[in-house]
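Chains as they are written, first to last, in the working numbering: chain A, 66 to 555; chain B, 645 to 905; chain C, 9 to 255.
Honestly, the hints are just simulated from the structure, not real lab data.
By construction, the Cβ of each residue, glycine as well, lies at the ideal position given by its N, Cα and C atoms.
Warning: the hint list may mix true and false statements.
Cβ-to-Cβ under 8 Å is the rule here; a few derived chain B residues that face chain A [unchecked claim]: (1) 651; (2) 658; (3) 659; (4) 667; (5) 678; (6) 784; (7) 808; (8) 837; (9) 857.
Taking lysine to any residue pairs in the SDA-like style, the calculated list, with each CA pair at most 20 Å apart, reads [what the hints assert, rightly or not]: (10) A/477 with C/108; (11) B/678 with A/135; (12) A/433 with C/156; (13) A/538 with C/35; (14) A/477 with C/99; (15) A/350 with B/774; (16) A/212 with A/227; (17) A/329 with B/837; (18) A/138 with B/677; (19) A/350 with B/810; (20) A/329 with A/117; (21) B/783 with A/260; (22) A/350 with A/146; (23) A/138 with B/670; (24) A/363 with B/648; (25) A/477 with C/21; (26) A/100 with A/327; (27) A/503 with A/520; (28) C/239 with C/166; (29) B/783 with B/741; (30) A/168 with A/192; (31) A/170 with A/254; (32) B/783 with B/740; (33) A/477 with C/64; (34) A/329 with B/862; (35) A/433 with A/114; (36) A/235 with A/207; (37) A/100 with B/867.
One-letter residues, chain by chain:
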Amino acid sequence: MNNTNPPTYRSAAAAGIASPRLQKSLHGLQDRFGKGAMEIWATMDDREMRHRVKDSRMNTFAHLDIILAELAKNVRARGGQVHFAATAQEAIDYTLAVAKKNKVKRVVKGKSMTSAEINIDPALEGASIEVVETDLGEYIIQLAGDKPSHIIAPCIHLDRNQIGELFAEKLGIDYSNDPPTLTMAARSALREKMLGAEMGLTGCNLACAETGQISLVSNEGNIRMATTMPPVLVALMGMERVVATLDEHREALHLLTRGAALQKLSTYVSFLGGPANADDPDGPKEFHLVIIDNGRSKILADPEFREVLACIRCGACLNICPVYGKIGGHAYNSPYCGPIGAVVTPLLDGINKHADLCKGETLCGACKDICTVEIDLPRMLAALRHKLAYGSDRWNTRQHNPIEAYVYSLWKLLVSNSFLYRLSLRLGWLLQRPFVKKNKMISKMAGLADGWTADRDLPPLAGRTFTDLWKRKYAVGRPSASKAQKKGGS
Amino acid sequence: MDSQNAFLRNIRQSLGLSPDEERPKRLFPALFAKTDTTLILQGIKNRTAEQQDELVELLKTNARALSITTHIVRTYEEAAAVIIHLVRTKSPEFTPTKHIIHHDHPDLAALQLWKRFDREGEGVTVHTTFSPDRQLREKTIASFIGITAPDIGVADSATLVQFTATGCPRSTSLVPSIHIAFLKKENLVADLREAYALLRERARLDSYVFITGPSKTADIEAQMVHGAHGPREVHLLLFCLSVVAETPNEAPIPLVPLKEE
Amino acid sequence: MTGAPVSLFIQCLVDSMFPEVGEAMVRVFDRLAVPLAYPEGQTCCGQPAYNSGYRREAAAAARHFIEVFAEAETIVCPSGSCVHMVRHHYPELFPGDPVMAERARAIGARTFEFSEYLVDVLRVTDVMAEYPGTVTYHDSCHLSRGLGIARQPRMLLENVRGLELIEMANSDTCCGFGGTFSINYPEISVAMVDEKITNILATGADAVVGCDISCLMNIGGRLSRRGEKVKVLHLAQVLAGVEGESK
Ligand code: SF4
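One chain only, chain A, in its complex shape:
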């Protein structure tokens, strides 16, 4: 999130749209996973489960102080160390201190969006520590010096040829564009890295307070490697990624793996609490859990947005969003992209800064339908726009567009007064006349409608509105008409 001068949402979106390769991948992704998840939800035996998990998430938040205290207590009872970090910087400082104390030269990372959120890599690298992403997609992104563009499938925007060229260049292998060959090349390269790292750095899908364990989900096994082979483990956890009991864990997991990849279960779900036994040949000798706020408590405090914390980062909303499906993940300029990113990024990193994320969707509602835990993202997008419309002290947000605000105050005048409203329609009809072409369409319009007419025709205002026609043609002979009508406007 700390990019300097990133491309704007619109320009990055346009770039994504212009890439046939990206369009093809996104189409394939949505066709398979978006539809697949909807199908699973529609045919699930236990129709209440999504609702239940959502309720349980919300109930957890209402008691988050108690549940996190319990989690910390139980992790410590297992010999783990728990650190609470109010800010990204605190989390970075702590992790760095652990690394330095253990003279760590290489960190292997399991896919962790929290680590991207707090932007920890530069700090580690600044301390001369090699940082290696181990999720294949993230590794490819790292080799390419690129950014992830999907929560679950980070390099969805790259195709096999690009990856083949990248591997030939960076890994020194013969060029191949065969996914199994490329995967095996990464397997060998990363195996060396993982077996020889002093520290693993992971996220946390869901911690369980009752048992004092974190759980990590992966298909590749990289997270198991990162939590098994290095002697030190640091797990970064957003403070909302916790459930109280194992029962709740099971249901959340049940939904997570289905929403994310249509799987009954991911290949690996690791449960870890505390360090390994002294005699074990593997497993971390030091186990650190870093619980991170970094703006989450502010979200927690606002009932309008608290719901977004229920997100379990399954990525399903990306797999259905028609906007994401066109523009891809880079336009969001955040580790969190797609519909969830459009809501959570402004909340974590500034509503004004990310105004385009608040406004750049159609509110079609597909993300709400698919969301594994029934989060009403469109409602929150509208609420974010509300903050932008008037500014908000609570969110330290200023009015986004005073001109737009002025236009809407004029609009308010018109829609509240039918006489003025009708007059303005008439005026508009007169003004548009030079623009109307022979085919009765407007193909070039100045001002507000310019965005519309760049690639679309606009039908003109009608010479006679329905209201005019009603009076002329239909009102007569309808004795009942006036009965339903109180007054003709204010």
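Using the hints, position chains B and C with the ligand against chain A.
Just chains B and C with the ligand now, with coordinates in the frame of chain A:
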């Protein structure tokens, strides 16, 4: 601890509570209330032979869809035969020589694998994860086959639940290229709900893992490839003492002559 | 079918740009002998302001609407998104004013989308319409997801003489309109409508039918620019037996 106090104070404040008033867990019993699993546990215990066989069938079907090869074995000898066949026919991925490693577990000890290969002639070295062998890490890394005896099998998702314990470390099912799991039929449960009920009984375990099929990735053009970082093959030896006769094997048991004991 | 008249709420875009859709609706109701009224003070439901975050302004529009339709027993509108606005967002617009909030809720309960009213309230699925040709149907977002109306328009279409309904792929994927979104983010909007058009064209249908003129305006505007021949019709126009007179 100071960071914790400030952190939790802030959460209470965000919740509109008095920040300094800690809320003790005991005042919120519903929060950690345990659902009653007695019935689930009883259900597992009282499962009839037919029901168990149904689970076996279900497991086999689900395992196949996940590229897990299931071998039904009726005796330790049969199990050993399958393993020997795999050791002989598969090639190591990272090393020139054949090392295999298995958990220090009674069921695996019963296979007597260390006796079954002629070290000189066949060049197969068999390791056991005895604790505290200081060289286990290297032995594991050198092994191309890791053999474990998972504690629970889940039919509905074809999942193996592997507990970490002394003599049963985490890397045996992870670092070698091929994972062979020996599962007794009686450790098979229907679904995750049952598995979690059993796990709750074992709440003190620090670490366990659910394993569902071989390691896989679809990060390159969404094409599924097995063997991203973990094992690229998983073989399940399902040990069924009483087996329905018509249960066909997923992979036929190879008739490998066992070495004289 | 007599009794209290149905008050027409003619969405602002229909009123000012597509009056023929309103007329078609009148024709259908006349054919069914449903008494009609048209409260002439009506303007806009306030949706554009609401979706842009301007809730005070949207509340003003809502207040006006509630006044204008105060005595209407039943309100029927040819736009899913406007009905969605009235039914689901009006009640949120008056925090701290329980009287208005209740009036908002009440008016939402008696406001219906056209196809919904025909099928669910009047229980009519055959309006004795004729339309010779093949059509495909676009599920607009607020209608299908917001109001759960997808079955009703199809039932009505299936009973139109001479009409063949060919479903398009992803009929419920957003067309990219999104109100001011279409103006502020035209590249994205057009990419989305192009995909919609691909799916429409793939059916080979002569016309695309929908229940929200805003989406149809978007689809139609793009089809026109691309020079495609497919007609764009509001459901009411099909049910009126009118073959897209002005298109
Ligand atoms: S918002 Fe919902 S669908 Fe999107 S990532 Fe989060 S949980 Fe998954």
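Now the hints, each set against the structure:
no.	hint	in the structure
1	651	holds, 4 Å
2	658	holds, 4 Å
3	659	holds, 7 Å
4	667	holds, 5 Å
5	678	holds, 7 Å
6	784	holds, 7 Å
7	808	holds, 7 Å
8	837	holds, 7 Å
9	857	holds, 5 Å
10	A/477 with C/108	holds, 18 Å
11	B/678 with A/135	holds, 15 Å
12	A/433 with C/156	holds, 13 Å
13	A/538 with C/35	holds, 12 Å
14	A/477 with C/99	holds, 18 Å
15	A/350 with B/774	holds, 19 Å
16	A/212 with A/227	holds, 15 Å
17	A/329 with B/837	holds, 13 Å
18	A/138 with B/677	holds, 18 Å
19	A/350 with B/810	holds, 15 Å
20	A/329 with A/117	holds, 18 Å
21	B/783 with A/260	holds, 13 Å
22	A/350 with A/146	holds, 11 Å
23	A/138 with B/670	holds, 14 Å
24	A/363 with B/648	holds, 17 Å
25	A/477 with C/21	holds, 16 Å
26	A/100 with A/327	holds, 10 Å
27	A/503 with A/520	holds, 18 Å
28	C/239 with C/166	holds, 18 Å
29	B/783 with B/741	holds, 12 Å
30	A/168 with A/192	holds, 11 Å
31	A/170 with A/254	holds, 17 Å
32	B/783 with B/740	holds, 14 Å
33	A/477 with C/64	holds, 9 Å
34	A/329 with B/862	holds, 16 Å
35	A/433 with A/114	holds, 16 Å
36	A/235 with A/207	holds, 11 Å
37	A/100 with B/867	holds, 18 Å
When each numbered hint is compared with the structure, no violation occurs for any of them.
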